[in-house]
Each structure stands twice: as C-alpha cells, then as structure tokens.
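Participant: Please arrange chains B and C on chain A, whose structure you already have, making use of the hints.
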Amino acid sequence: MDRETAARRTTWPLDAWYVAASADEVGTKPLGRQITGFRMVFFRSESGDVVALEDFCPHRGAPLSLGFVRGETLVCGYHGLALDCRGRPDTMPGQQVGKFPSARHFPVIERYGFIWVWPGDPAEASADKLHPLPWAESPDWAYGGGLFHIACDYRLMIDNLMDLTHETYVHASSIGQKEIDEAPVTTEATAQEVVTSRHMDNVSAPPFWRMALRGANLPEDAPVDRWQRCRFSLPSHVMIEVGVALAGEGGYHADPAKKASSIVVDFITPETETSHWYFWGMARQFSVEDSALTDQIREGQAKIFSEDLEMLEQQQRNLSQYPDRRLLKLNIDAGGVRSRLMIDRAIAREQAAAE
Amino acid sequence: MDRETAARRTTWPLDAWYVAASADEVGTKPLGRQITGFRMVFFRSESGDVVALEDFCPHRGAPLSLGFVRGETLVCGYHGLALDCRGRPDTMPGQQVGKFPSARHFPVIERYGFIWVWPGDPAEASADKLHPLPWAESPDWAYGGGLFHIACDYRLMIDNLMDLTHETYVHASSIGQKEIDEAPVTTEATAQEVVTSRHMDNVSAPPFWRMALRGANLPEDAPVDRWQRCRFSLPSHVMIEVGVALAGEGGYHADPAKKASSIVVDFITPETETSHWYFWGMARQFSVEDSALTDQIREGQAKIFSEDLEMLEQQQRNLSQYPDRRLLKLNIDAGGVRSRLMIDRAIAREQAAAE
Amino acid sequence: MDRETAARRTTWPLDAWYVAASADEVGTKPLGRQITGFRMVFFRSESGDVVALEDFCPHRGAPLSLGFVRGETLVCGYHGLALDCRGRPDTMPGQQVGKFPSARHFPVIERYGFIWVWPGDPAEASADKLHPLPWAESPDWAYGGGLFHIACDYRLMIDNLMDLTHETYVHASSIGQKEIDEAPVTTEATAQEVVTSRHMDNVSAPPFWRMALRGANLPEDAPVDRWQRCRFSLPSHVMIEVGVALAGEGGYHADPAKKASSIVVDFITPETETSHWYFWGMARQFSVEDSALTDQIREGQAKIFSEDLEMLEQQQRNLSQYPDRRLLKLNIDAGGVRSRLMIDRAIAREQAAAE
Numbered sequence: 181m182d183r184e185t186a187a188r189r190t191t192w193p194l195d196a197w198y199v200a201a202s203a204d205e206v207g208t209k210p211l212g213r214q215i216t217g218f219r220m221v222f223f224r225s226e227s228g229d230v231v232a233l234e235d236f237c238p239h240r241g242a243p244l245s246l247g248f249v250r251g252e253t254l255v256c257g258y259h260g261l262a263l264d265c266r267g268r269p270d271t272m273p274g275q276q277v278g279k280f281p282s283a284r285h286f287p288v289i290e291r292y293g294f295i296w297v298w299p300g301d302p303a304e305a306s307a308d309k310l311h312p313l314p315w316a317e318s319p320d321w322a323y324g325g326g327l328f329h330i331a332c333d334y335r336l337m338i339d340n341l342m343d344l345t346h347e348t349y350v351h352a353s354s355i356g357q358k359e360i361d362e363a364p365v366t367t368e369a370t371a372q373e374v375v376t377s378r379h380m381d382n383v384s385a386p387p388f389w390r391m392a393l394r395g396a397n398l399p400e401d402a403p404v405d406r407w408q409r410c411r412f413s414l415p416s417h418v419m420i421e422v423g424v425a426l427a428g429e430g431g432y433h434a435d436p437a438k439k440a441s442s443i444v445v446d447f448i449t450p451e452t453e454t455s456h457w458y459f460w461g462m463a464r465q466f467s468v469e470d471s472a473l474t475d476q477i478r479e480g481q482a483k484i485f486s487e488d489l490e491m492l493e494q495q496q497r498n499l500s501q502y503p504d505r506r507l508l509k510l511n512i513d514a515g516g517v518r519s520r521l522m523i524d525r526a527i528a529r530e531q532a533a534a535e
Numbered sequence: 181m182d183r184e185t186a187a188r189r190t191t192w193p194l195d196a197w198y199v200a201a202s203a204d205e206v207g208t209k210p211l212g213r214q215i216t217g218f219r220m221v222f223f224r225s226e227s228g229d230v231v232a233l234e235d236f237c238p239h240r241g242a243p244l245s246l247g248f249v250r251g252e253t254l255v256c257g258y259h260g261l262a263l264d265c266r267g268r269p270d271t272m273p274g275q276q277v278g279k280f281p282s283a284r285h286f287p288v289i290e291r292y293g294f295i296w297v298w299p300g301d302p303a304e305a306s307a308d309k310l311h312p313l314p315w316a317e318s319p320d321w322a323y324g325g326g327l328f329h330i331a332c333d334y335r336l337m338i339d340n341l342m343d344l345t346h347e348t349y350v351h352a353s354s355i356g357q358k359e360i361d362e363a364p365v366t367t368e369a370t371a372q373e374v375v376t377s378r379h380m381d382n383v384s385a386p387p388f389w390r391m392a393l394r395g396a397n398l399p400e401d402a403p404v405d406r407w408q409r410c411r412f413s414l415p416s417h418v419m420i421e422v423g424v425a426l427a428g429e430g431g432y433h434a435d436p437a438k439k440a441s442s443i444v445v446d447f448i449t450p451e452t453e454t455s456h457w458y459f460w461g462m463a464r465q466f467s468v469e470d471s472a473l474t475d476q477i478r479e480g481q482a483k484i485f486s487e488d489l490e491m492l493e494q495q496q497r498n499l500s501q502y503p504d505r506r507l508l509k510l511n512i513d514a515g516g517v518r519s520r521l522m523i524d525r526a527i528a529r530e531q532a533a534a535e
Numbered sequence: 181m182d183r184e185t186a187a188r189r190t191t192w193p194l195d196a197w198y199v200a201a202s203a204d205e206v207g208t209k210p211l212g213r214q215i216t217g218f219r220m221v222f223f224r225s226e227s228g229d230v231v232a233l234e235d236f237c238p239h240r241g242a243p244l245s246l247g248f249v250r251g252e253t254l255v256c257g258y259h260g261l262a263l264d265c266r267g268r269p270d271t272m273p274g275q276q277v278g279k280f281p282s283a284r285h286f287p288v289i290e291r292y293g294f295i296w297v298w299p300g301d302p303a304e305a306s307a308d309k310l311h312p313l314p315w316a317e318s319p320d321w322a323y324g325g326g327l328f329h330i331a332c333d334y335r336l337m338i339d340n341l342m343d344l345t346h347e348t349y350v351h352a353s354s355i356g357q358k359e360i361d362e363a364p365v366t367t368e369a370t371a372q373e374v375v376t377s378r379h380m381d382n383v384s385a386p387p388f389w390r391m392a393l394r395g396a397n398l399p400e401d402a403p404v405d406r407w408q409r410c411r412f413s414l415p416s417h418v419m420i421e422v423g424v425a426l427a428g429e430g431g432y433h434a435d436p437a438k439k440a441s442s443i444v445v446d447f448i449t450p451e452t453e454t455s456h457w458y459f460w461g462m463a464r465q466f467s468v469e470d471s472a473l474t475d476q477i478r479e480g481q482a483k484i485f486s487e488d489l490e491m492l493e494q495q496q497r498n499l500s501q502y503p504d505r506r507l508l509k510l511n512i513d514a515g516g517v518r519s520r521l522m523i524d525r526a527i528a529r530e531q532a533a534a535e
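Chains as they are written, first to last, in our numbering: chain A, 181 to 535; chain B, 181 to 535; chain C, 181 to 535.
Excised from the complex, chain A in its bound form (with noise of 0.2 Å):
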C-alpha cells in the first residue's frame, strides 16, 4: 500500500471488492467515479475487458474520464499520453514514455452483472473473495435494480437495511405493516456475515407483497406468512431474503409455488466520509421471464428506496452537527452494530498489517 493511501485513515476496509458500477455503464466511452475515496475511471478496452485506473493523468493531472479509448490503451483528452491497460504509459506524441510513472491502477473483475473494484493491496486481490451471487448467473432468477447517490455515510445505510423496522414509518404505503415493529428480531454473527431475522405469522400481505402474489399467480387477499432475513457481509454488501408464502405452508421454507420470495440485493459502496453510491436491485424466483414485472418492481423499489433518501441525508446533517453524541444501541439496532463491528475489525486488520 503507498504511503498516500496508508495514512489515509479510512472508515472502510480497501482490501475488498466493491461494486463500482453495472456492467452496462462500462463501455469504450471512460466513466469518471470517486470509489472509497479515490479518483478512478472505469472503461472496456477494444478487446472488451474492464480496466480501472486512477483518474489522473501523470503527465499534468488531467483527468483520464475525458479521454478516449484506443485499442489496448486509454489516451489523455489533453495532451495524448496513451496508457496501457496496467496504467503503464504506452505512447505519446514525440515523447519516449519509458521512464514515466504509471497511473495508478485498480484490480477489477467483471462478474454477475457488476464491475468490481478492489481500491487495496493488488497482492490481496483475488476472484475467490468475490461475494458468491449464484442467482445471478442461473435462468430461475430474474434480477432488475439501479443506482442512487447518496450524501450520507455509507454506514448509515448499513444500519438502515439491518433494521428493517423502518419500513413500518418509511414505506408505509409500500412494505411497512404493523406487524413488522411487533415481531421479534433475532440477530446472530458469524465470521462471515451478520444476519437479522424476523417472522411474521398470518398477515395480510402489504400492497408491495401483493403485487408480488399477483405476479407469483397466487391470491393477493390470502393471509400470509412473511419473513425477512438481512444478511451482512464485508465490505458492505446487504442481501435481505423477504417473501410471502400462503399462511401455514411452511413460511420461508414452503415450496417454492406456495410463495413469493425474492433478495433484495444492496451494494453500498463509499465514495468519501459523507457520501455513496447504492446499488439496489432485486433478485426474484418467480415470474422470471415477465420483464414487465421486472421493470414494475424496480419502480416501486425505486420509489420505495428514494423515501429513505431524505431521512439518511438528513440524519447525516444532524449526525454532522452534533458529532459527539451518542446515539442508542437497542436490539433491533443488533444488526447495523454488529456489522459495523465486523468493518472496524476489517480495517483494524488492514492496517495492523500496514505498519
């Protein structure tokens, strides 16, 4: 790690894959995105592979977003330094290249839909600590979402998808129902991940649910059995299994056509201390060849996404304002607090092994 980066202190592990964008916002024109704090751009070489460099050029510190893509190589928009694909300068106009720095360069893969970016040490990276999404790449799953930029600390995001309590007052017209603020939560830990659960027995399904049951080709007036399980893995990834099942044909481990179950798939990924990038989306098992459903569900998640928006800027501001307060750690709170142990563990980690 270079002395920049070490002694910058971070409130986000680096040795990690972040989602940085989807696949599809990636092509020859380059993509200008701040990521864990660094300057990076984001482009598909004529050989199509996803390439990651900082997003400086080292002649003058032009950014490279505002150049162009040719062959194997990334050209500065202002003077023409030609980089290669590691970052290494390749060609510029009447210049012998050969002892000029890289630009810094970021490993990435290129998976489930995704563009993954690992801001840390290169020697760490490696594809086997890529959060495994098997939904993704298997025709039973249909899977739709988007992007959001959001001015608040990514952690706070954290602690919105490990409470879901919220939904009861954020998306009352949407997802919340009484019952959700009465259930009990259970919280458990492993090395892996964090996981919150809660069960709602006999409850009629609220109108998000419904449209689901319609879609799923089950009655949207059956009481129902409803479950969400928020699961938390590092860096910042929160996968919530929710779903209905007809009330009494075993919940969340009914069969498959007694139910509809989907993930609600969140990739949170921090540009600077008060800002990310959300990436939300939802992976169903039911109805997977119904695009129009698709883009139904990802309009109403839309919508049901952007209602958190003002309360987590907001609570930023507050949080900004008064930095020294403390804040309550009650039980449904488990979920965010424990996941934010795992963080500060992770980090802890890094840079125990930085010094």
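Calculated from the structure, these hints are not laboratory results. All figures in this text were calculated on a predicted structure; none of them were measured in a lab. Be careful, since some hints might not be right.
If several chains are the same, the list does not tell them apart, and a pair holds so long as it fits within one copy or across any two.
Unchecked claim - Pairs of lysine to aspartate or glutamate residues, derived as DMTMM-like cross-links and limited to a Cα-Cα distance of at most 20 Å, are as follows:
#1 358 with 487
#2 483 with 535
#3 209 with 487
#4 358 with 270
Facilitator: Okay, now just chains B and C, sitting in the frame of chain A:
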C-alpha cells in the same frame, strides 16, 4: 445549561424569547427550523398545544421533523420512537423506553400570532418576559407580514433597522426621501430599550406614505410631518413607529384622524452566525377592516425589504472576507451600536452565570 | 504595501497591470469584480475617467458596487457616503467626513479597449509598464473577444496556452490536427518573455483555418504552412501568433497576401487561488472591415475555449485532491514551466522588497 450549549460561544443571548414561526406555520405536520444554532422541530399536538423539541431523535439521530404527530406525542418517522410533549420517550414498538434519554425540550409560547421559543435555561423562561405587543390583541389594529431567510449576521439587520438613513438610498422609490438623511437623529438608551428618532416637518410624502394617506382617507398631496422612532429591545426585536400627519397638526402626537401611522414590526431570529430568519410586518391603526389594504401594504413591504437583501448579504461577504477591519461608528450608527452593546451585556451576564 | 496585503502570500505578482474588464463593461453603473484576491469596484465618473476602488465602504463595509456615480464621486448605496475618485471621503449627509478613512484606491488605466488595474504598490505603477498592444491601435487590425470565468488556478490556463499540443485532443474538430503533436516544439526565454514555437509545413488546414482562408480570399483546400508562436509575459498575458500561409510561400514570413494570420489574445487574471477571469480574443490582419467575420471568429473561439473549461476545472479538482503529487515536466511543458518560473521570480522580488 448543558455542557454542549455552554461550550458554544454564541453572538446572541440564549435566555430570551425568540420568534420561531408565525402561528399558522405550525400544525400537526412537524416543522424543522434551526433557531439560534439549535436544530428544532415545532409541532402542534392533537390538543392544539405547540411544542418545540430538538430535531434529533435520541435513538439514532434522525430528524424528528420527518415524523408525525400521534395524540400528545411526536413519533419519529424512522423507527417509531414516540416522544411526549416534553421530549420524554413515551413508547416504541417492542422496546422498554424507561431508560432512554430524552430529546431536548424548549419552552415555547404561542401568542400575538407567533410561536416564541426560549433556547436557553428553561428555569429562566417565564411568560412575563415576553415582549408585550398590545396592538396584536386589539381590534383597533390590523397586521400583515411575512418571513425572509437572509444570509447575514442577524446584527447587520439590527444595524439596518436602527439607522433608517439607508431608506434614502436603498428604498429611494418607496419610502426614501432626501429629507431623511438631512434630519437630525437622536438616540437614547434605557435599561429596556434603545430608541433612535428622527422627525421631518413639512415635507411631501413619498410613494408608500401616499398610499397610506389614501388608505386613511387623507389628501395624499398635502404637506406632512413625518416621524420614525426605532425601538430595539432584547433579544433582537425592532419596533419602528412610523407615520405622517398633516403638517402642523402635532406630528407624532397629532389626532388619529389627521395622521396615518403604523408600527413596522421586526423580529430578527439568528439561525447561524451568518444567517437569520427575518419576520417582518406592519401593524396599523387606520382602515383596519380593509384587508385589501393589508395585502397591498404587505406587498409593498416585501418589495422594500427585498431591496435590503442583496445589500446585507454582500455586506456580510465583505465582512467575512475582511474580518479584522474596524468600521466607523457615526452618530447615525448609534442606534445599532447601542443595541449591540445591550446584546453583548446580555451575553456576558449569561456566560458569567454559567461559570 | 499595507500590512493586510503583505501578510497575504499570493501565487501571483501584485506589482503589475492586470486586465480587469473590457472597456465597454465599465460605465457609470459600478461593476464589482474580485481581482487578484481584492474585491474591487470599477466605475466611470461623469468626466468619463475609469476608477477602481476597493469594493468596501469605509463606513460599514457595504459593497460600493451597489452604489451610484454622482459627478466625480461614487456614492455608497447604503447610507450615502460619497467617495472621490481616489477613494477619499467627500461628503455624507449630516456628517463631517474629514477624518473618515479612505477606501483603498487602485491605479487604473484604460487603453487598448481594456481596463487595466495595478493591485500592488501604487508608487510602482506607471503607464510605461503596460504591455504594448500595437495592433489594438492600428486600423490594419480587427479584434473580437470575450470573457469566461473559470474555476481553476490561473497558472493552469497559462500551461494550457503555452502548450498547444492539447489542440489535437481538446479541439479535434476545429483547430486540432495530427501534425501538431508531431511537430517539434522549441522554447526560448528572455528577461521579458517566454516563447514556445511550433511550425508545421505543407499540411492541410483544419476547419477553423479553412474559415480564415476563405475570409482572407485564399483557397481553403490548398496545402499550407502553419505556425504557432506562444508568447508569455508578466504578469499573465499569452499572445499567440498563429497562422497559415500557402505552402512554400515563406510561412510565418510570407507575404500578407499569401497568408491568414492572427494573434490569439489571452489575458488571464487571477480572482482567487483556484479561479480566474479569462479574457480571450483574436486580433487579425485580414478582412478587417468584415464585422460578420469578426463575429464568426468570436463564436468559433468561444466554442473552442469552452472545450478547455471542463478539462481545466476537473484538472483543478484533481490537483486539489492530491496536492502533493509531482507532475511531469516534458519538453512540451517547457513553455508553462518557464512561465511559472518567471512568475515565481517576480513574486520573490516583490516579497523581498516588502521585507
């Protein structure tokens, strides 16, 4: 006073009633507004009482102003903690709230059409310290006004209002006239107020006062005696008695039938060190039933005060850029200078008491 | 130099004539503009002379630019203090101004269609230090130009203009052509200026120069010899002699009837450490009566320079984020590097003299 507040060196007194809102701004939908450096939320409980709490949920710091009123509680819109009208935790689904900390509660009074808040020591708050506004409860007077948010130190607005010389320049087309800056000005201070007065005899009325003369069924072209008496009182109220009387009829003391007089009402509430809420209005004793006239005056005032905005905000930028410059203190500035002295003494008293 | 100025460590010389405005921007309506860190107000008194004062009224710090001209004075629009053309208090209603402090006065010259201001020691200001622009007073030349506000260090603009390699990339559709970055570049410095030159023989003219050839009644498709001579002089002027001549006719030295040549005029005036005023234009020796051509060229230049804007402002953001990065200094950068050296020496001389 809590430690966090005591540590804060303010440029305003805290033990005082400030206007936070007009009465019709506060309903069951909570209103978030920063007053004297504190984020506050104002709401009307179902019984109709107005309450002011810190806009910061003791659970996770969410803004309470995004919540909702339920009976005599304010429910946080994030996870459902309900606080009573003193800021004490009342209920939360699935939680025992007995040991939860409270949200700070601010004493509040609804009177004279305004919501008054006391940001300092609650033990010092008492209704008898409220600035009396007899005209606001008299059927012989009419009132209309508005609210501006202005990006300057609230004391620059006090200076502005305590030296009406600027009318000649800033408000040349409405209330300014050459005689203003030629008329001698006198300033007197008592323990309770600073009064700056100016009298102009046998002048012709400027456009705003012509309108008022018409409204009072007096000849608009007649020569008049004009007066301005600016009264500052703590923490930052400026009541300006203004008027014109037919010349030679006694001026300020003339028979009500021979004059058009009113009170320019100014409540200047600090938000931050360089911004404030400016509640302005006019109370008048003539044509009090004429609501069209009230609207016309309000419109005229809004136009006049908006002329001050650019001047004050650019003056603030100048002073921020050159913070060490010494400014002149002329006789015309005496009103502002004496008012600031009264403010400084009030702050010093509070800080001495806190130590 | 006053203490406030001496304490300020600038990245620009102060004892120099800077372009503050074009002559037609300054009339009797005062113009407020920050130049080299000073808030200034420019106005034309009734006699027609242009005056520059600090935009800060000695009375209460109000911006004088919101005032108005009366005879040979500028009257503050807040309380009526009138300052004469040296910034000395002249009159104020009801006041004896004899002992009032003055507003700072800046030496100013109107010449060549521009208003030039000297922000440093007035004792050093003399008209003979003005950059000579003979073309601006000759009937054989025509001029058109404009003004941009750019959010970057003014020296990044100097770098930009002293290395026209970037034309190939940033301005590919107008003046860029492949031969630019293939042609060798030479840089020479004298005590007065830095000159970077590039000559391209027997090339085809890019679109902008085709337009110029047409304007000069020359065949736009003919092969041409093209040249660029960038001349930097203190404090931050870059005059670029550019042109094309029919190939083999002597290039830069060709007979005027065989070439279309002009001077790209750039006055780069610092506003803050990270922003500047960019006065750009073109002086030409062909078709000087053709005002439609002047407009067409101005439009073309505006488009070209606006292509630089995003690059420069993002470069600034990169450099602000990574202030310790060392940049490369290649032969093509020599023009900028030498120009900055000339600036640094001028600053050092001033600071040595001040101590």
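Participant: Would you pick out the hints that fail for this structure and give their numbers low to high?
Facilitator: Hint 2 contradicted; others consistent.
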